[in-house]
Amino acid sequence: MIKLFATDLDGTLLKDHRYIEKENQEAIQALYQNGTEIAFATGRSDRDIVCLFNQLDINGHRVSQNGAYVINKAEEIIFKRQFSKDLSQVVYQQLKKYPAYYFVTTKDDILFEQDIPILNDLQVLFNHRLIHTEQLEGKLKHQLDITKFMLLGEIEQLLVIQSELNARFKGKLESVLSAPKCMDIMPTGVNKQIGLDQLIQTMSIKPEEIAVIGDSQNDIEMLQMTPHSYVMSSADHDVKQAGKYIVNHVYEAIDHLKANGLL
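Okay, so the sequence shown: first residue is 18 according to our numbering, each after it adds one.
To be clear, the hints were calculated from the coordinates, so they are not data collected in a lab.
The structure displayed is predicted, hence computed values, not measured ones.
Check before you lean on any hint, since a few could be wrong.
Per label pair, the in silico range of CB-to-CB distance [stated by the list, open to error]:
no.	residue 1	residue 2	range
1	116	71	34 to 40 Å
2	162	116	38 to 44 Å
3	185	102	38 to 44 Å
4	218	51	41 to 47 Å
5	32	261	20 to 26 Å
6	265	116	34 to 40 Å
7	39	103	34 to 40 Å
Don't be surprised by glycine CBs; every beta carbon is placed ideally from N, CA and C.
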């Protein structure tokens with residue numbers, strides 16, 4: 018039996034990065050009401066997950082920043098991993114060399130320093146403000162606990178940057194395309210699978226007792242951790258290869274689990 022259902026947000030549960038379709042909303046709420054544990058696993062901030070749980074009127078587990086923060090439904094921090102002050106400064110200095118929009122994220126905030134002409138378009142994708150911050154590099158050293166860097170650009174450009182970063186910072190960071198034009202950079206040892214594994218260990222739940230669904234590169238590890246894995250039909254080929262079943266909607270995955278007597 019499935020004891021925990023974990024879903025990605027953007028491109029999976031969230032349509033157009035903004036809202037949950039009625040059928041998916043009702044399916045998640047019914048799971049919760051029937052006693053199945055719910056987890057949202059996302060590259061977004063913890064605050065974004067809280068907002069969505071409030072909209073659904075449910076209490077679930079939160080795997081945010083691609084697994085850098087794991088907070089259970091009792092508000093206990095199960096796991097967190099941040100960049101060291103020294104490494105965050107060096108990475109930031111490197112990112113400033115690239116012709117891409119770059120952001121710094123903490124547990125709940127997204128900060129930027131450069132001028133971004135498309136800022137208003139970006140604001141609609143997030144549940145809270147992108148914060149313009151002067152002298153951001155200095156604050157990395159003294160004030161901010163950084164969980165993730167985020168770059169926006171064309172896919173070809175991001176792949177080149179990713180290759181360079183992986184070569185320069187080998188063994189020190191993880192980089193992944195979390196959306197077609199978005200790359201996330203985390204400390205080494207951070208991904209959604211690691212975050213979920215930390216969570217289920219505290220709940221005495223086995224990997225085969227969870228079901229997961231996602232659509233992007235940052236979902237691959239968690240899709241591989243359980244035989245009950247679902248991939249959105251819109252996903253790239255390599256993401257589809259990581260999961261077992263292909264679906265068009267989250268509620269279809271839930272229906273499939275029910276039809277097979279797993280819920």
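Now for the hints, and whether the structure bears them out:
Remark: the range hint 34 to 40 Å for residue 116 to residue 71 is upheld by a beta-carbon distance near 38 Å. Evaluation of the 38 to 44 Å hint for residue 162 and residue 116 yields a failure: the beta carbon distance comes to about 28 Å. As the Cβ distance of residue 185 to residue 102 is approximately 18 Å, the hint placing it in 38 to 44 Å is violated. Take residue 218 and residue 51: their Cβ atoms lie about 24 Å apart, and the range 41 to 47 Å is violated.
About 23 Å separates the C-beta atoms of residue 32 and residue 261, a value consistent with the hinted range of 20 to 26 Å. Separated by about 36 Å at the C-beta atoms, residue 265 and residue 116 satisfy the suggested range of 34 to 40 Å. One distance hint, 34 to 40 Å for the beta-carbon pair residue 39 and residue 103, is violated here, with the actual separation near 48 Å.
Figure legend: structure checked against the earlier numbered hints; hints not met, in rising order: 2, 3, 4 and 7.
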